[in-house]
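Counting from 68, one number per residue, gives the positions in the sequence shown under this note's numbering.
Think of the hints as simulated: they come from the structure by calculation, not from any bench.
Be aware that a few hints might be false.
Unchecked claim - With beta-carbon atoms standing in for the labels, derived distance ranges: (1) 275 with 205: 43 to 53 angstroms; (2) 208 with 283: 46 to 56 angstroms; (3) 208 with 130: 38 to 48 angstroms; (4) 324 with 364: 18 to 28 angstroms; (5) 290 with 337: 11 to 21 angstroms; (6) 251 with 208: 24 to 34 angstroms; (7) 275 with 344: 33 to 43 angstroms; (8) 192 with 331: 23 to 33 angstroms.
Ideal Cβ positions, reconstructed from N, Cα and C, are used throughout, including at glycine.
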Amino acid sequence: MLLPEKKSTQRKAPARADRPFKGIALILASTVFLGCSDVTAKYLSASLPSIEIAWIRFLVFALIMIPAMIPGSPLYAMQTQRMGLHLLRGATLVGSSLFFISGLRFLPIAEASATGFIAPLFVTALSVIFLSEKVGMRRWAATAVGLLGVVIILRPGTSAFHPAAIFPIVSALAWGCTLIMTRMMSGTERAITTMTYSAIAGVCILTALVPFVWVTPTWQDIAFGVLIGVTSTAGQWIVVLAFRYADASVLAPFQYTQLLWVSILGFIVFGEVPDVWTVTGAAFIVASGLYIAHRERVRRSQLLQLAGETSPNA
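Please construct the entire structure, taking both the sequences and the accompanying hints into account.
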């Protein structure tokens, strides 16, 4: 009699509540934390290698998630039947973080962040391959508009192009893979389980790499590294909470406010002012992402209608 009760406890997820304003408030708060994390990572990249910054970030992430790793803890979340997918997701998350921080070392933060927001375009393409989703011409057209925005920002073939601009693109691709795997596990895995395995995978991968680039950090460097770990973990967790209260299509427009925060902080901390090319390209990318989110909402509504019309005599 105890076994079924234990099993249901392990798989039980918090109930979804339709409270869009609370979800929007949470997603806006998350952009502040994530923006602060990005700006701090750029500041720290002047003194520490990207791998070491990412290692400190994931080490703090793992320390925060320790209660979920201890058997008998109320937060214990290591039970899973998809270990391999969890670890692979952790690896792509590490790749996304590592390539983005590498780009921040050489690029203005607004440019790197705007380019990184093309992840939904990669999700659109990858969903066809891994989720067998059908993507219509309008979503493909929106994807093309987003890619045009990237070209406007990077201006390949001109003197303004920096080879490091490839890093945010690769970061966005890795993040798109991370989101695809999150979707694949969303029906069976709890968010805390996913985050715990991501932290473990990240620490293990980066601990193997960091000795090759190690630079002894100062106490100030350590403090900033801890700040990156805390703000990025808090930002990710707030995003998870936000999606409990509102659909992704509702929250998507507000996620782009992160561009505003990084632009403001980039000006205050580094004196960087986004040029007209970055602003124009970012507008294309944001418009593309918003339209893709809109088409996702329309497609989901159509599927729900079809599911509700299985019997015309009902």
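Assessment of proposed distance window 46 to 56 angstroms (beta carbons of residue 208, residue 283): Since residue 208 and residue 283 have Cβ atoms about 51 angstroms apart, the given range 46 to 56 angstroms holds.
C-beta pair residue 192, residue 331: status relative to the range 23 to 33 angstroms that was hinted: holds, 32 angstroms
Beta-carbon spacing of residue 251 to residue 208 - inside the hinted bounds 24 to 34 angstroms or not: For residue 251 and residue 208 the Cβ distance comes to about 26 angstroms; the hint holds.
Hint check for residue 364 and residue 324 - Cβ pair distance inside 18 to 28 angstroms: Holds, since residue 324 and residue 364 (Cβ atoms, about 19 angstroms apart) stay within the stated range.
Status of the given 11 to 21 angstroms range, CB of residue 337 versus CB of residue 290: The hinted range 11 to 21 angstroms holds for residue 290 and residue 337, with Cβ atoms some 19 angstroms apart.
Outcome for the supplied range 33 to 43 angstroms, where the beta carbon pair is residue 275 and residue 344: Check passed, 39 angstroms falls within 33 to 43 angstroms.
Range hint compliance [Cβ, residue 275 to residue 205, 43 to 53 angstroms]: holds, 44 angstroms
38 to 48 angstroms as the expected CB spacing between residue 130 and residue 208, which holds or is violated: holds, 45 angstroms
When held up to the earlier numbered hints, the structure conflicts with none and fits them all.
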